[in-house]
Structure formats: structure tokens, C-alpha cells
Amino acid sequence: MAGRLAGAGASSPLPRALLLLAVVALFSISFLSLRSLRPAAPPSLPLDEPRRLPLSSPPPASLPSVYHSPEAFAAGYAEMERSFKVYIYPDGDPKTFYQTPRKLTGKYASEGYFFQNIRESRFRTEDPDKADLFFVPISPHKMRGKGTSYENMTMIVKDYVEGLISKYPYWNRTLGADHFFVACHDVGVRAFEGLPFMVKNSIRAVCSPSYNVDFIPHKDVALPQVLQPFALPEGGNDIENRTNLGFWAGHRNSKIRVILARVWENDTELAISNNRINRAIGELVYQKQFYRTKFCICPGGSQVNSARISDSIHYGCVPVILSDYYDLPFNDVLDWRKFAVVLKERDVYELKSILKSFSQQEFVAFHKSLVQVQKHFVWHSPPVPYDAFHMVMYELWLRHHVIKY
Numbered sequence: 003m004a005g006r007l008a009g010a011g012a013s014s015p016l017p018r019a020l021l022l023l024a025v026v027a028l029f030s031i032s033f034l035s036l037r038s039l040r041p042a043a044p045p046s047l048p049l050d051e052p053r054r055l056p057l058s059s060p061p062p063a064s065l066p067s068v069y070h071s072p073e074a075f076a077a078g079y080a081e082m083e084r085s086f087k088v089y090i091y092p093d094g095d096p097k098t099f100y101q102t103p104r105k106l107t108g109k110y111a112s113e114g115y116f117f118q119n120i121r122e123s124r125f126r127t128e129d130p131d132k133a134d135l136f137f138v139p140i141s142p143h144k145m146r147g148k149g150t151s152y153e154n155m156t157m158i159v160k161d162y163v164e165g166l167i168s169k170y171p172y173w174n175r176t177l178g179a180d181h182f183f184v185a186c187h188d189v190g191v192r193a194f195e196g197l198p199f200m201v202k203n204s205i206r207a208v209c210s211p212s213y214n215v216d217f218i219p220h221k222d223v224a225l226p227q228v229l230q231p232f233a234l235p236e237g238g239n240d241i242e243n244r245t246n247l248g249f250w251a252g253h254r255n256s257k258i259r260v261i262l263a264r265v266w267e268n269d270t271e272l273a274i275s276n277n278r279i280n281r282a283i284g285e286l287v288y289q290k291q292f293y294r295t296k297f298c299i300c301p302g303g304s305q306v307n308s309a310r311i312s313d314s315i316h317y318g319c320v321p322v323i324l325s326d327y328y329d330l331p332f333n334d335v336l337d338w339r340k341f342a343v344v345l346k347e348r349d350v351y352e353l354k355s356i357l358k359s360f361s362q363q364e365f366v367a368f369h370k371s372l373v374q375v376q377k378h379f380v381w382h383s384p385p386v387p388y389d390a391f392h393m394v395m396y397e398l399w400l401r402h403h404v405i406k407y
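Going by this note's numbering, the first residue of the sequence shown is number 3, and it counts up by one from there.
Be a bit skeptical, because a hint or two may be false.
Unchecked claim - Simulated crosslink set (DSBU-like; lysine-lysine; CA at most 30 Å straight-line):
id	residue 1	residue 2
1	Lys202	Lys160
2	Lys358	Lys340
3	Lys221	Lys290
4	Lys257	Lys109
5	Lys109	Lys132
6	Lys257	Lys160
7	Lys87	Lys132
8	Lys340	Lys221
9	Lys109	Lys169
10	Lys346	Lys109
11	Lys290	Lys257
12	Lys354	Lys340
13	Lys202	Lys290
FYI, nobody ran anything at the bench for these hints, they're computed from the structure.
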């Protein structure tokens, strides 16, 4: 028996090996079967490669360079187009100051364009119960054009808004947090000073978005000041023609402009002029300067804002923001440092060295990004996707989630 056991033990390695292979094969088949039941992981994308976006979104190639979050903007914009609704109060005589822009030209045209576009847009709803926001359609710019004094303007606005509050129930549901008004002329901000609760609670879309005059970032909206119509076509793909380092011409109606002119008006590389160049006559000297210049200086005037910024963007000249306490338009969507030079007013003394520190490659990058954002700083009637009107509506949509009391 011992011999039989010994013989069996001598012949056992081969069956054991076969048994081991069978176990491994069974385990492998089971593992692969289980793995096949798991959902496939999405393919990873490089950070600088945009994902496929809806058809209504901006061209993917342009997204990484000018938007803080291209995917968030694309998704939010699509949702805004799908669901956003605004109710316009119908009260007031449309031939006076209500629901009627003064005109669609000049440096305060943004106010007029918004009034006209919102009335004609698909964002408007006739059912206030379906509205996300409520538009208070009173135009301080039109009042200003009719010669209304500041004191009377304040009283007209106060009486009008208080009349809406007493007539309709919607204001009291949010204490005005889902209401907004639009004003491009700087008197528009002052016109509502008789309504401190409105300044505090409601959304103000204004062209004078200065932090030091009660503008509240993330609640209020910086309205782009666009001087339309533009006299000449958009600049772009003309880098070789831009041989001047910097340009500014205008009135000395602010401290920073006085300093700018005093320090740099005799410089040979910066074309700084103390005298305003007429935009409407002659050989369009003012506009053509934008085509020949790399960096266009945009100092604040009587307010922090200036139509010169949108001029610079339109003509393809990299804007140099020289204004403190300025909440730039669409600042939470657009990365301004990709297509503009943003400085403090104290930097005016080092302006030339700062601009000369940028290499040609860096300037080209600025310019290419600038061309990508031009569509956001122009008004159309009727509006077109991604223009100034739609960008303002997007900013309002970002702020429309409020609590109904």
C-alpha cells in the first residue's frame, strides 16, 4: 500500500497544475464578465480642449481663451434661451418716459436698444405668474433728453415705482429682489435715489457700475456703454498695420485724464492728445487711429465707464482699462485679462513701460482674443445670439434665483 501511495504522489503534479489553470481561467472569465457590466468611463479630455457643445453655443475653438468657464456659460446660456421669462409692467404713457427709448444712437444707445429689444424678444411674457424677473420700464435717458430736471426726474421715478408696488402684488413677494431697471446715462443711477429700498434690493443694469457709488457686484449688472452706429467696420486680422504703441484723445474731465495728458502728451511712442478729435467729420481721423494702434488707453471720465472701451474692442485695439472701482461688463463670464490690460489709476506713471513689456507674441494673443469677444459688445435690432442684449439677459438670468416671501 505504501508503494501505491508513493506512486500516486509521484504522478500528482500534472493534475494539480491543470486544476490551478482551470481556477485561474474561471476567475478571469468572472472578472471580465463583471467588468463588462460597469458603465464605461467617459473619455478624458485635456483641459484646453472644449467638450462638444450645443449647436447654439459659441464656436468651441474660441471658448478656452476668453471665458472663465466655457462649459458653464454654454449650459447656462442654453437654459436661459429655453426658459427665461421677463414681465414688463404695462403702466405709463408710452409717449412719455415709459417703455420708449429716446434714440438708438450715441453713447447712451445701450439703454434704448435694451428697451426696444426686450419688448420684441421671446423672453417677454404677458403672464406675470410665469415671470422670473420683472422689468420696471422707465427711461431716465429719455427724461434727460426732454430736459427734465434731476429733482423732477427723481419724483417721477418715485411716483411711478410706488404706483406699481401698490397696484401689483409681485414686488412684496421678494421685496423687489426679482425686479430690475436699466439706465445707461449716469443720471439714471441718481434718478432712483429717492427709492433706497429699490437701490438696495432690485437689480440695477447700469453703464456706471462704480463700486464707490452704491453699485453692488453680483447683484447689479454692468451694462456695456456702446456708441453706435460704428463709423467703420470691425478691426481684426490686421496686426501688421498696428505700429503705434498707444492712443488716447479726449476731454480732461477727470483727474486720471488730466494726469494722463500731462505725463504723456509729448511722448513719441504714445499718441496722447489733450483735444478731442471729432468723430463725425473729416477723414474719420479718430476711428482710423484705432486701426493703427496696438493698445488704446481707456481712462475713466466723469464716471468709471467710457464708450471708448467698446470702440477699442470693435476696432481691434487692445483696451487698457485705467479706472479704479470699475466692475467691467460681463466680468463674471469673460476673462478680461485675456483681451485687455487692466490697470490701477496709479499705474498711469508707468504706462509706457508696462505696455512695452508685452512681447509681440503676447500682443498677438491679446488681439486674437479681442476679436473673439467683439460680438458681445454690439447691439442689434432685432437682437442676434450672443450680442450685447443676450449677454445682458444672461447676466440677469444668473441673478434671477430669488426667494418668494
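To see whether the hints hold, each was checked on the structure:
1. Lys202 to Lys160: holds (15 Å)
2. Lys358 to Lys340: holds (17 Å)
3. Lys221 to Lys290: violated (38 Å)
4. Lys257 to Lys109: Roughly 21 Å separates the two Cα atoms, so the pair holds.
5. Lys109 to Lys132: Not satisfied, since the Cα-Cα distance of roughly 34 Å exceeds 30 Å.
6. Lys257 to Lys160: Roughly 33 Å between the alpha carbons, so the hint for Lys257 and Lys160 is violated.
7. Lys87 to Lys132: holds (7 Å)
8. Lys340 to Lys221: holds (24 Å)
9. Lys109 to Lys169: Distance of about 35 Å is beyond 30 Å: violated.
10. Lys346 to Lys109: holds (24 Å)
11. Lys290 to Lys257: Satisfied, since the Cα-Cα distance of roughly 27 Å is no more than 30 Å.
12. Lys354 to Lys340: holds (20 Å)
13. Lys202 to Lys290: Not satisfied, since the Cα-Cα distance of roughly 43 Å exceeds 30 Å.
This entry does not satisfy hints 3, 5, 6, 9 and 13, going by the numbered hints stated previously.
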